[in-house]
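Using the sequences and the hints given, assemble the complete structure.
Reading the first sequence from the start, the letters are residues 0 to 200 in numbering that gives the first Met the number 0.
Please keep in mind that the hints were generated in silico from the structure rather than gathered at the bench.
Where hints are given, some of them may not hold.
Using 20 Å as the maximum straight-line C-alpha spacing, the simulated DMTMM-like pairs for lysine to aspartate or glutamate come out as follows [what the hints assert, rightly or not]: (1) K4 / D145; (2) K17 / E156; (3) K22 / E161; (4) K49 / D18; (5) K148 / D47; (6) K164 / D18; (7) K49 / E161; (8) K1 / E109; (9) K149 / D47; (10) K63 / D145; (11) K5 / E67; (12) K4 / D18; (13) K22 / E91; (14) K191 / D18; (15) K49 / E180; (16) K17 / E161; (17) K133 / E109; (18) K55 / D11; (19) K58 / E91; (20) K1 / D157; (21) K5 / E91; (22) K191 / E161; (23) K58 / D47; (24) K148 / E109.
If you anchor each label on the Cβ, the simulated ranges turn out as follows [claimed, not checked]: (25) G92 / K5: 12 to 20 Å; (26) K63 / F117: 30 to 38 Å; (27) R115 / K55: 22 to 30 Å; (28) F117 / A182: 15 to 23 Å; (29) D145 / E60: 14 to 22 Å; (30) Y78 / E109: 22 to 30 Å; (31) P46 / K113: 37 to 45 Å.
Note that the structure is a prediction, hence the values are computed from the model and not measured.
For glycine and all other residues, C-beta sits at the position ideal for the given N, C-alpha and C.
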Amino acid sequence: MKLSKKFYQSNDVVQISKDLLGKVLVTNFNNQLTSGIIVETEAYRAPDDKACHAYKNRKTERTKTMFEAGGIAYIYLCYGIHHLFNIVTSTEGNAHAVLIRAIEPIENVELMLKRRNFSTSKPQLTAGPGVLTKALGITTSNNGLDIMKKNSPIWVEDRGVEVPKNTMIASPRVGVGYAEECATWPWRFRIKNNRWTSNAK
DNA sequence: CACGGGATCGTCT
DNA sequence: GACGATCCCGTGT
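As structure tokens, then:
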């Protein structure tokens with residue numbers, strides 16, 4: 000039920016981004032489990048994708064994580080505030096990753112509310128890449144973590160949630176205006192009519 | 001509801 | 001020294 004090497008190390012990051020819809024992202028920090036269904040993702044793919052941090056296979060202290068074999072976490076700080084969670088895919092040397100953009104809360108909503116300083120549950124709790132990590136307790140200190148490993152505090156499960164193809168919506172990625180022609184690539188995926196996705200643009 | 005700006009800091013030039 | 005793979009809150013309608 001935990002996704003394994005075979006899932007993460009395929010070379011088609013766009014397909015993996017679609018396949019992740021309906022899978023369940025789980026964290027367990029300090030013996031406190033929280034989880035949610037992945038309802039929105041984005042694909043990033045070096046070397047040709049200008050929106051990807053590793054465009055042209057640019058390898059730096061930050062991006063070197065993306066070049067590792069699939070199945071590890073790539074987490075970085077955005078705008079000095081938000082911790083963005085990606086899953087590295089493909090095999091070693093291919094810098095591909097899927098950004099998790101929104102989840103539908105399942106387990107331990109109370110703890111997620113507390114982490115977000117919310118009093119009641121609403122879509123803004125976990126709709127958006129920077130806020131779902133806060134709700135799940137994920138930070139940049141988890142960068143490089145092997146999420147396939149036993150006892151990893153972060154992992155993804157298949158719980159048999161079916162997401163029919165005709166309920167998946169593809170659209171351009173957000174916040175990547177600088178990526179020129181790549182900014183229009185329809186590499187953002189979401190589940191149709193799901194109220195837990197971040198706002199459409 | 002749309003829009004605009006401030007927050008805040010690691011990363012790369 | 002500039003700028004984000006964002007979010008939140010204030011203002012105006």
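Worksheet item: Can you list which hints this structure breaks, lowest number first?
Response: Hint check: 4, 5, 7, 8, 9, 13, 24, 27, 28 fail, others pass.
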